[in-house]
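Asks: Here is how the chains run, residue by residue.
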Amino acid sequence: MTRTVHRIYLWIYTLAVIIALIGLGIYGYSYYRLPIEERFFHPDYANLKPSGFLGHGLGIIGSLLVTIGVFSYMIRKRMKAFSRVGLLKYWLEFHIFLCALGPVFILYHTSFKFGGIVSLSFWSLVAVVLSGVAGRFIYLQIPHSIEGRMLSLREVQEMKDDLVITFMDKYNIDLSELESGSSIQINAKLKELNLSSSELKNVKNLIKSQQKLIKRIERLEFMQNIFKYWHVAHLPFALIMLIVMIIHVVVVLVMGYKWIF
Amino acid sequence: MRISAQILFFFLLFAIFSNAAAQISPGELSKSHSFLEGVSNCTKCHDLGNKVTKEKCLDCHKEIKAGISSKKGYHSSNEVIAKDCFICHNDHHGLNFKMLKFEKTTFDHLKTGFELKGAHSKEDCKACNCSSCHKAAFIKDPELKKKNSTYLGLSRECLSCHEDFHKGKMSPNCLNCHGFDTFKKAEGFNHNTSKFPLLGKHKTVSCEKCHKPMVINGKSQPQWEGILFNNCTSCHKDVHEDKFGQNCKKCHSEESFHVKKDNGNFDHDKTDFKLLGKHQNLDCKKCHKKNLIDPIKSDHCSDCHIDFHKNEFSKNGILPDCDQCHDNSGFTETLYTIERHNTSEFRLEGAHIATPCILCHKKQEIWTFVNTGKACIDCHEDKHKGFIREKYYPKSECTKCHTVNSWRTINFDHSGTDFKLEGVHIGKSCTVCHFKNNETGLVIQKFEGLSKECAGCHKNIHGSQFDTNGKTDCLRCHEQTDWKKNIFNHNSARFKLEGAHAKVNCEKCHKVVVTENEKYIEYKNNQLLCSDCHRKS
Chain C
0 MTRTVHRIYL WIYTLAVIIA LIGLGIYGYS YYRLPIEERF FHPDYANLKP
50 SGFLGHGLGI IGSLLVTIGV FSYMIRKRMK AFSRVGLLKY WLEFHIFLCA
100 LGPVFILYHT SFKFGGIVSL SFWSLVAVVL SGVAGRFIYL QIPHSIEGRM
150 LSLREVQEMK DDLVITFMDK YNIDLSELES GSSIQINAKL KELNLSSSEL
200 KNVKNLIKSQ QKLIKRIERL EFMQNIFKYW HVAHLPFALI MLIVMIIHVV
250 VVLVMGYKWI F
Chain U
0 MRISAQILFF FLLFAIFSNA AAQISPGELS KSHSFLEGVS NCTKCHDLGN
50 KVTKEKCLDC HKEIKAGISS KKGYHSSNEV IAKDCFICHN DHHGLNFKML
100 KFEKTTFDHL KTGFELKGAH SKEDCKACNC SSCHKAAFIK DPELKKKNST
150 YLGLSRECLS CHEDFHKGKM SPNCLNCHGF DTFKKAEGFN HNTSKFPLLG
200 KHKTVSCEKC HKPMVINGKS QPQWEGILFN NCTSCHKDVH EDKFGQNCKK
250 CHSEESFHVK KDNGNFDHDK TDFKLLGKHQ NLDCKKCHKK NLIDPIKSDH
300 CSDCHIDFHK NEFSKNGILP DCDQCHDNSG FTETLYTIER HNTSEFRLEG
350 AHIATPCILC HKKQEIWTFV NTGKACIDCH EDKHKGFIRE KYYPKSECTK
400 CHTVNSWRTI NFDHSGTDFK LEGVHIGKSC TVCHFKNNET GLVIQKFEGL
450 SKECAGCHKN IHGSQFDTNG KTDCLRCHEQ TDWKKNIFNH NSARFKLEGA
500 HAKVNCEKCH KVVVTENEKY IEYKNNQLLC SDCHRKS
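For the protein sequence lines, the chains are C and U, in the order given.
At position 254 of the first sequence the residue is numbered 253 (numbering that gives the first Met the number 0), and the sequence of numbers has no breaks.
At position 438 of the second sequence the residue is numbered 437 (numbering that gives the first Met the number 0), and the sequence of numbers has no breaks.
Mixed in with the good hints there might be a few duds.
As the list claims (entries may be wrong) - With a cut-off of at most 30 Å between alpha-carbon atoms, the simulated DSSO-like pairs for lysine-lysine come out as follows:
id, chain 1, residue 1, chain 2, residue 2
1, C, K112, U, K30
2, U, K82, C, K112
3, U, K100, C, K112
4, U, K55, C, K112
5, U, K373, C, K257
6, C, K257, U, K390
7, U, K470, C, K257
8, U, K53, C, K112
9, U, K183, C, K257
10, C, K112, U, K50
11, U, K30, C, K257
12, U, K309, U, K218
Think of the hints as simulated: they come from the structure by calculation, not from any bench.
Please read these numbers as outputs of a predicted model, since none were measured by experiment.
Isolated chain C, as found in the complex:
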């Protein structure tokens, strides 16, 4: 997958979630804004109520999206048999996409009515999603291999050293001297080299990567520790969400609410 195709994918993911969030919000605004006691008398009640055609459908589809998003990523990540199926990075993005779009659907399925056992599932969902967003931020702070594997401190140090050597060979500059300099100092030094504009841009990027690496190296251990704790929150909430969701689905089916079936 080329970088462009990947970007298009990401845009589609993002837009799909935003469109779903805003579109459904606009569609059902007049209904969702009503107090619970008055919703029954809204003309769209039969469609937008949690057991309505759209409301129930959103719940079912949202649940499936989340379920697929969770388990597909878990299988890919944890089962060796699937460890070579696609880059883990893409699976993570797909996991994030489905687990973002699914909760949006589920949010509208609840029709913003958060009560009973199922609300536990919903709030767990919220916790999982929020922790996912936080986890994504932490994840970015930890350098990964192209496959998405987390790199160790040593591997990162090697990356940094490789960059210094590359710089020395190419531009005859000791990058380590610039590491601690301010941007004004760096710019002054780069001027002395009389580089072409494209080269200058490339050099500046390399310097930025170098600086970023240095910072990451500085907090790598901290981030790795946080990430371990993050799993404690993200995974159990996901499990709670799924278990309660199953209970909710079972109760609903027992009561006879089978959507279109």
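Chain C is already provided as a structure; the job is to place chain U on it using the hints.
Replies: For chain U alone, coordinates are given in the frame of chain C:
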């Protein structure tokens, strides 16, 4: 770390399931269903695998079930009967959710099986609202009666809400007679199905006219039963005071008392006005201008007849009625007799008795009776005017000469004139002396300028032989008492009759002389000598 996660996970699971029983509900139940809160109660409404069924609802709501079974009330209407209860009465929408919500102003009450018509409809009865009828006081069912607010339990029977105005005297089904618009008008009541069908004017008479108010149980209300109606006079006043009997229908119909039935057997003589004389042949409309039964005044002739005499007989503003002088046989005839006339200021005497009224009382175009005049000349022409001096009949008073019996009877005292009547003059008709033929042969009267001399009237057959100073005095030889009686004494004449002369006829000596102008016996012949008559031989 993994252990910590597991602890957290199981803690949460415990938290979930320990509280799960109360958490399955998708929302709080409304107040009326709040007693069903709790997971153990779910199946009281929910049919497992089959959502919420009507049967579950109706198992509790027996009053609705009873209504549906008996096909009564809104829930048995076509609009509702096929629907699940939860379509209208949902729940799990919070404690304050109104399970029963409908627009009172637009609700079609007809669907309940009881259409709000007339005064029941809001348009007609602004003061009305649902609670005017849907209140405990009108609900019979003791269980429903206890409910704070319910639209159930009302009966369609009028008397379930309305007071029995008739106090059980009439059918409990008010709609047999009354409509929905107003109670006062019994629009639906068909009086014709009663023992007294309403015919003619009875149809438009207000009920109260016949059904008079009476007090029942301390309340005033019309009497609907026990009203006598065998005779019209049960309600109507007999204005004829039983003159025509009690069966008004003989002459009247229900259409109007003012219209008489054209049944031809009406006896007018039973009225206060018997038809007599000419009245018998009159067309009814002559008197009864509008309706035959309209009362008309008949006390006086003038109530119908115009005063032909134009108030002429009015005295002190009081007009005597026609029957003073006329009767039913017609106005041409009169009851005013000569005797009555004689009690008036002008007695009828003599020739006046036989004189037709018209001669005095219709001297011109119109009849006049009062101001006819009492003087002779008011009626009679003064034929002597200009011929006789007024001193002989002042103010043309005829009776100075004439009597009322006849014009020809004259009682004039001629002695008051310059010519006293004597002898045969006394018995002569006035006309002999006073009426003469003139040259043209016309009779003319002459009272003035007549000569007192005999020759003024009488013809002098003696010529001028006896004239003295140009006049002949007849009375020297004639008497007024007897003209032919000769008072002439021949012996006082120049030739006395003596001897044989006394026996000789007059003609022997007095011969007829005929002159050119006249012919007369010559008495003064101057034959005084014997030889004048006798021959000498």
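Asks: Work down the list of hints and note, for each, if the structure agrees.
Replies: To see whether the hints hold, each was checked on the structure:
For the hint pairing C:K112 with U:K30, the CA-to-CA distance comes to about 19 Å; that is within 30 Å, so the pair holds. At roughly 27 Å between alpha-carbon atoms, U:K82 and C:K112 fall within 30 Å of each other, so this suggested pair holds. The suggested pairing of U:K100 with C:K112 holds, with an alpha-carbon distance near 22 Å, which does not exceed 30 Å. Distance check on the hinted pair: U:K55 and C:K112 sit about 26 Å apart at the alpha-carbon level, within 30 Å; holds.
For the given pair, U:K373 sits about 134 Å from C:K257 by alpha-carbon distance, which is inconsistent with the 30 Å threshold. The suggested pairing of C:K257 with U:K390 is violated, with an alpha-carbon distance near 153 Å, which exceeds 30 Å. In summary, the hint linking U:K470 to C:K257 is not supported, as the alpha carbons are separated by about 178 Å, beyond the 30 Å threshold. With a C-alpha separation of about 26 Å, the suggested pair U:K53 and C:K112 falls inside the 30 Å cut-off, and the hint holds.
Annotation: proposed proximity of U:K183 to C:K257 is violated, straight-line Cα distance about 60 Å (limit 30 Å). Under the criterion of a C-alpha separation no larger than 30 Å, the hint pairing C:K112 with U:K50 is consistent with the structure, at around 20 Å. For the suggested pair U:K30 and C:K257, the alpha carbons sit about 28 Å apart, so the restraint of at most 30 Å is met. In summary, the hint linking U:K309 to U:K218 is not supported, as the alpha carbons are separated by about 63 Å, beyond the 30 Å threshold.
Hints 5, 6, 7, 9 and 12, counting from the list given before, are not met by this structure.
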